[in-house]
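Enquirer: Chains A and B are the protein sequences, given in the same order. Residue 1 is where the first sequence starts when you use the working numbering, and the numbers rise one by one after that. Residue 1 is where the second sequence starts when you use the working numbering, and the numbers rise one by one after that.
Some hints here could point you the wrong way.
Capping the alpha-carbon separation at 30 Å, the derived lysine-lysine pairs in DSSO-like fashion look like this [as the list claims (entries may be wrong)]: (1) A:Lys-41 - B:Lys-110; (2) A:Lys-41 - A:Lys-14; (3) A:Lys-66 - B:Lys-42.
Hint data in this document are derived by calculation from the structure and do not stem from the laboratory.
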Amino acid sequence: GAVVSQHPSWVICKSGTSVKIECRSLDFQATTMFWYRQFPKQSLMLMATSNEGSKATYEQGVEKDKFLINHASLTLSTLTVTSAHPEDSSFYICSARVAREGQPQHFGDGTRLSIL
Amino acid sequence: GENVEQHPSTLSVQEGDSAVIKCTYSDSASNYFPWYKQELGKRPQLIIDIRSNVGEKKDQRIAVTLNKTAKHFSLHITETQPEDSAVYFCAASIRRTDMRFGAGTRLTVKP
């Protein structure tokens, strides 16, 4: 159980393109989803917390107009990197959690984004 | 907010030896401490977790200890195998809020 599906797994696109990444909880309802960015050989950096039916909470330093997050249902959250540039190239990974105290986060497989 | 520190950043052990990774946290209200294993290019996988009402938890070759007073917790891997080689992350969570991750430890088990 607790499977999180993330698509696409790999994206290569030109500078200026907007890219949408989907995160789905397949067998549970996730009231909260999280979006992380991970640079090579570094830790997971929390970008934002996505709550179903409300606006996402962004971490300090993360541009909310650059990284649009939508959590329209209990099983789907999307991250859109708008007008992507080479510096946005990274590994983006989502996680989802059931809203009960002390529950672990379950991660998607991640999306490797390369902006040319 | 919560701050999690993890040591060491890299750890190399001989197959069969034990490996210990340590983390400290800053917020005494944190009550949930998971450990994740991430292999290269893959998702972090939960390997063990502990809640603040427990001091130790063991699952086969993996154990986690928690010292609430000192605000630190540790991952112990015994009889290490080459397939244990990966990056390990600790994390701390307060109730229903988000988790804060440590910087990670790259474990290499030499055959």
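Enquirer: Do the alpha carbons of Lys-41 (chain A) and Lys-14 (chain A) lie within 30 Å of each other, as the hint requires?
Expert: It holds: about 25 Å lies between the C-alpha atoms, which stays within 30 Å.
Enquirer: Sort out whether Lys-110 (chain B) lies within 30 Å of Lys-41 (chain A), counting only the CA atoms.
Expert: Cα-Cα ~20 Å, so holds.
Enquirer: Given the hinted pair Lys-66 (chain A) and Lys-42 (chain B), is their Cα-Cα distance within 30 Å?
Expert: holds, 25 Å
Consistency note: the structure conflicts with none of the earlier hints.
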